[in-house]
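**Q** Residue-level listing of the chains:
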Amino acid sequence: MQPITITLDGREVSGYPGTTILELAKESGIDIPTLCHAPQLTSVGACRVCLVEDERNSTLLASCVTPIASGMVINTHSPRVIERRKTIVKLMLASHPDSCLVCDKGNRCQLRQIASDLGIGLVELQRIPQMASIEEVNPFLERDLSKCILCAKCIRACQELVVEGAIDYFQRGFTTIPATLNNLPLENSECTFCGTCVALCPTGALTEKEKIYRGTTQTVVQTTCPFCGCGCSICLEVKDGHVARITPGKERSVHKGTLCVRGSYGCDFIHSPDRLLKPLVKSNGNFEELSWEEALELVGTQFQRIKDESGCDSLAILGSSKCTNEENYLLQRFARSVLGTNNIDNGGRLYNSASCVGLGSSLGFPGTTNYLSGLEQSELILVIGADPSSSAPAVGYAIKRAVKRQGAKLLLIDPRQTKLLMFAHLWVQPEVGTDVALINGLAKVIIDEGLLDEEFVARSTDNFEAFNEGLKKYTLEYVEETTGVSGQQIRAAARLYARASRAAIVYGTGITQHVTGTDSVKALANLALLTGNIGHKRGGVYALQRENNGQGACDMGTLPIFLPGYQSVVDAQARRKFEESWGVSSPAEPGLTALEIMKQAKKEKIKGMYIVGENPALSFPNSRLIIEILASIDFLVVQDMFLTETAKLANVVLPAASFAEKDGTFTNFEGRVQRVQKAIPPLGESLPDWEIILRLADKIGAPMPYSSPQQVMDEIVDTCQLATYSSYEGNGHTEPEAQSLYQAESSSHWGVGRIHGGQFPKGFARFCPVAYVPPTKAKKGYPFTLLTGGIPNHFGTGSRSSRSTRLKKFSPEAFVEICESDARKLAITVGEKVKVISPVGEVTTIAKITDTLRQGMLFMPVSYPETPVNELFDIVLNSETKAPSLKACSVKIEKL
Amino acid sequence: MNKAKTITKADLARINIIISEYSSQQKWAMIPLLQKIQSEFGFIPPQSVPFIARSLGVFPSQVQGVISFYTQLYTQPRGKKIVRVCRGTACHVRGGKTILKLVKQHLDIEEGETTPDFEYTLETVACIGVCALAPNMVVSDHVHGHMNPKKVEQLFKHQEGEK
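Residue numbers (the numbering used here), protein chains in the order written: chain W, 1 to 896; chain D, 1001 to 1163.
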C-alpha cells in the first residue's frame, strides 16, 4: 500500500489509505475537538464538531469519517472552520439546559470543555432547552436526556462493544432520543448496567448515581478489577482518600473500554461500614479489639505451640484466589518455610482444579491457551457449561462481538438457557452431568466422518490410538440415549466444530464444578487436539476463572502438591532451588487439599488453621458441617476485610486491606499478569495481606526478607520459571498511565497466541481417554436437579458484593428459578416463599418462574450469604483433583 | 369492534410467516418486511418487533428505531379513513386553522390520533398542491377543497350521530 501525502495545516504529512483525517491529525499532534468520536466505536460523524476545511474546493468535511485522499490541503483551525465549529457548539448549547453548576459531569463534560476552548461564553441564540424528566429508579445510573446531544456514543457502545442493544435512536428530528424498546425505563429493558455508556457519554446526560463524592476527583490510579477472572483494567478516581468513581482503564487489551455492573458500581465495598479496622480476638464468645502487636504475638505463639505439640502437619493454610500473586507466594513460603507444612491450598480448588489437572495432563500447561483477542477472531466458538454474561462479562462481550461483527458461529452446549442463546447458531441441551458422553460422542463423529486434522494429530500429539479405542463405545445411539440430545444435533454440532478452520472452546464452572469435571476438561482438550485447534493465533481452549486471581494463586504454588510454577514438591531438585533461595528446608510430603484439610480437622488431626481471604463457611459444600468443623478447631485465624461467616468462627481475626489499598499483581484467566496499584491508604488499622504475612513471620522468629511486593515479584521471576511473570516497570505507583506488567503477548515466550511458540511444553500434547461415569442416581423423594451458579449483579459468596450498597439494593435477595409447568404442578407462584431441601440440608428462598429451565430443573444463585445454597451439597470429591462437586444436586422443593 | 384490532395468536403466526419470507439475515430486508406487515395489518404490532429483529439479526431497539423514524410506519392501528388537513400557507390564510379545530371537535380526537371505532385518523400536512382550492383537506385520498364549517359538518355528520 502506498502512503498518501496530504497538506495538514501547512505541513506535508502522509498516512496509509483508509486513514481518516482525524486519525492522521492525531498522529501528527494536531488536536481536533470531537464529541461523537471514540476510537473503539465506529465513526458516524454525528456531531460535526470535528469539521475541517479542504482548501482546494473549500468544502467542510467531518474529519472523523473522511478518509485522506492525495492532494488534500486541510485546514483544521482556519477562521472559517473555527467560526462554523463555534456555531455548531452554540446550537448545541442553545438546546442545553443551564445546569452546568449543578451538573455532576462538572469539568469532565466534553461539551463544556470544547465550548471553553473555542471561547464561547454567552450564547446569543435563542435558547430552547429540550425539557426531559430525569428518570430511573435503578441505583446505578441516571439519565437526564435534556443534556443529550444525540452523539450516539451510548447507542454504539451498547450495540458494538457490549452487544446488548438495549437502546437505539427513537423517533426523529427534535423529538429524537436514545431509548429502550417501547421507551421503558432501563431497569425494565435489556440493560445490564455495565456502565460503558456512562463512561463514554460526553455530557451530563448519563451520570453515575449514588456515589460518595460529587465534583472533581484529585487522582486517578490504574489498577485491575478485583471481581471475576477477566481482569479488566480499571481506573480508581480518588478524592480525599475515598475511591469516588470507577471507570474503564486505559489498558484496553482485555476489556476494550467496557466494564460490567460489578466493575463499574460494585467496588463501593471498599468503604463499607462493615470493614474490619482493628484485629479482633474472641474471648468468651465475643470479639474484642486488640493491637496488631498483641494479635500477632497471640497467633505466633499459638502456631508455635501447635507445631511443637502436634507437629508441622497439624497446621494448615487456606490461601485466596482473590489475593495478589505476591501475597500467595508469600503465603506458600510461610507455610513451607515458616510452618514447615505442605498443607496449603486455595479457594480455586472449588472451581479451578479440574482445569489445572485436566489441561495440565493433556496439554502440559494448566491454563487457557490463547488470548481474548484470539477468541474474538475465531470462526466458531463452542461455549459449554459457562454463562459468561454473568461469570466473565468481558468474555461474554467478546463472544457476542465475534458473532455480530466477525460473523463467527456460536455453538452453545448448556442444559440451561443462557443469555447467549440469542446469538447461538446451534443450542445443544444435554442432560445435567452427561458432558463427557456428549463430548466423546462429538469426537467420535469427527473421527468417523474424517473431519480430524490428521497432520496435527500425527505431528503434535500422542496416545491417539488408545483414545480412538476408548471412543468405540460412544456411538450415536449410545450418546443420544445418555445425553438426551438427538443424533442429528450431535452430528451437526460435531461438523460445526470440526469444519471451522479455527474453533475455540470456552468452558466455565458448569464443567469444572461437576464431580466429573476433570474428565470433561480432558475430553474438551481431546476435542481441540483432534481438530488441531490449539497453538494458533485464533481458536484454542479458554478456561474461565471464577475469581480475579484463580490462575495466579495456582501459579504461585498455593497448592499442596506444587511449589510455585507447578514444580512438584516431591521433586528434590525443584525443592532444592527454593530451599537455597529461602535458606531453610521445605517439606517433601505432599500436603492436604482444601476439603481433606477439613476432613482431617474433623478428626482433630488439623489443630491450627490460617484462612486468608476465603470464606469456606459459605463456599464449601455441606457448609453446615464445615461450620461445625471450623468452630471446633483448636486455633483458627482468619484474615479478611469483613467479619465473614468464616471469620465469625475464628479465634483471631486479622483485618486485611482491600485491593485498592495495596500493590501487587493479579493473573487473569488468559495468564495475563496485571498490576494492582495502591490508590488509597489502608482503612483504619487494616494492613495489606502481604504485610500481615511478613509481620507474622517476623513474630514467629523466621523473618522473610522482603520489604515490598516488588521484591517478591523479583523472586517470583527468578524461581518460578513462568514466562508471563516479569518485574515491575518503573516505580511510580500512582501514575494513571503506569505500564501494565504484561508483556508476554508481544514477547517471544508464548508468541502471539501460540502456546510456547506453537510448541507444547513437552513438545507434544497427549490424548487422555476419558470414560463417561453416569451421575449418581438421585435419592428417592428428591425429584429436582438443582443447578447453582453466578448472577451478573453479585459475585462469589457475596462477601464483597453484598456489601456494595448499589448491587445489594438492585438485587437484594436470593431466589430459586423454576420452570412454569413445574411451578403450576406444585402451585408455586412468583415471589412465594419456598423451601429447597436436599438430603443434607435445606434453604428457604423465594420462587421465580422462568422459561430458561426445563422441567425438573431448578436454578439458584450462590452469591447471597443469607441463603447459603452450598448447604444443600454433600461433600463428593473428584477422585483425581479432590475438588468438590458444587454444580448440581438432587433436591425437592416445598411451599412454605 | 376492538376485537379486530387486538393481535391474536393467529395474527402473530401469520406475521411470523411473513417474517420467514424475508428472513435472509440481511438488514436491507427490514423496510420491505415492515411495509409488508403493515399492508396486511394496517400497522406493525409492537409484539412482533422482537421476532422481526431476530430474523434480521438486529436488536429489537434498532427495529423500533426504524419504525419510529419513518412517518409511513405505524405501531398503532389506524382508522379506515385518513383525514389530512392542510396546514400550508395558502390554506392557513384562508382559515385552515379553524378547519382543523372543527375537524378535531367533530371527531373528538387530536392530531395523530385515531377515533375509538377506528373509522378516522387525523393528520396534518404541509401542502397538498391545490392551493387554489384553499382551505383544503383530504379524506382517504379524496381532496375536499373550499372547506367551510358546513362542509366539515356534512363530512363527519354520521360520526357525530354515533357519539
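Please note that a few of the clues may not be correct.
To be verified - DSS-like, lysine-lysine: derived pairs with alpha carbons at most 30 Å apart:
1) W/K209 with W/K409
2) D/K1036 with W/K848
3) W/K404 with D/K1027
4) W/K282 with W/K307
5) W/K404 with D/K1150
6) D/K1036 with W/K256
7) D/K1027 with W/K409
8) W/K825 with D/K1009
9) W/K256 with W/K678
10) D/K1027 with W/K419
11) W/K419 with D/K1009
Unchecked claim - If the Cβ cut is set under 8 Å, some of the chain D residues that face chain W in the computed set are:
12) F1059
13) S1061
14) G1065
Note that these hints are calculated values from the structure, not bench results. Idealized CB from N, CA, C, for every residue including glycine.
**Q** Indicate, hint by hint, whether the structure satisfies it.
**A** Quick rundown of the hints versus the structure:
1. For the suggested pair W/K209 and W/K409, the alpha carbons sit about 38 Å apart, so the restraint of at most 30 Å is broken.
2. Distance check on the hinted pair: D/K1036 and W/K848 sit about 39 Å apart at the alpha-carbon level, beyond 30 Å; violated.
3. For the hint linking W/K404 to D/K1027, the alpha-carbon distance of about 12 Å falls within 30 Å, and the restraint holds.
4. Restraint check for W/K282 and W/K307: the C-alpha separation of about 21 Å stays at or below 30 Å, so the hint holds.
5. About 60 Å separates the Cα atoms of W/K404 and D/K1150, which puts this hinted pair outside 30 Å; it is violated.
6. For the given pair, D/K1036 sits about 40 Å from W/K256 by alpha-carbon distance, which is inconsistent with the 30 Å threshold.
7. Pair hint D/K1027 plus W/K409 holds up; C-alpha atoms about 18 Å apart against a cutoff of 30 Å.
8. Of the supplied pair hints, the one linking W/K825 and D/K1009 holds, its CA atoms being roughly 25 Å apart against a limit of 30 Å.
9. The straight-line distance between the Cα atoms of W/K256 and W/K678 is roughly 23 Å, inside the 30 Å bound, and the hint therefore holds.
10. Of the supplied pair hints, the one linking D/K1027 and W/K419 holds, its CA atoms being roughly 22 Å apart against a limit of 30 Å.
11. With a CA separation close to 25 Å, the supplied pair W/K419 and D/K1009 stays within the 30 Å bound.
12. With a least beta-carbon distance of about 3 Å to chain W, the hint placing D/F1059 at the interface is held under the 8 Å criterion.
13. Taken as an interface hint, D/S1061 checks out: its beta carbon lies about 4 Å from the nearest beta carbon of chain W, inside 8 Å.
14. With 8 Å as the threshold, the beta carbon of D/G1065 comes within range of chain W, its nearest partner Cβ sitting at about 4 Å, so the hint holds.
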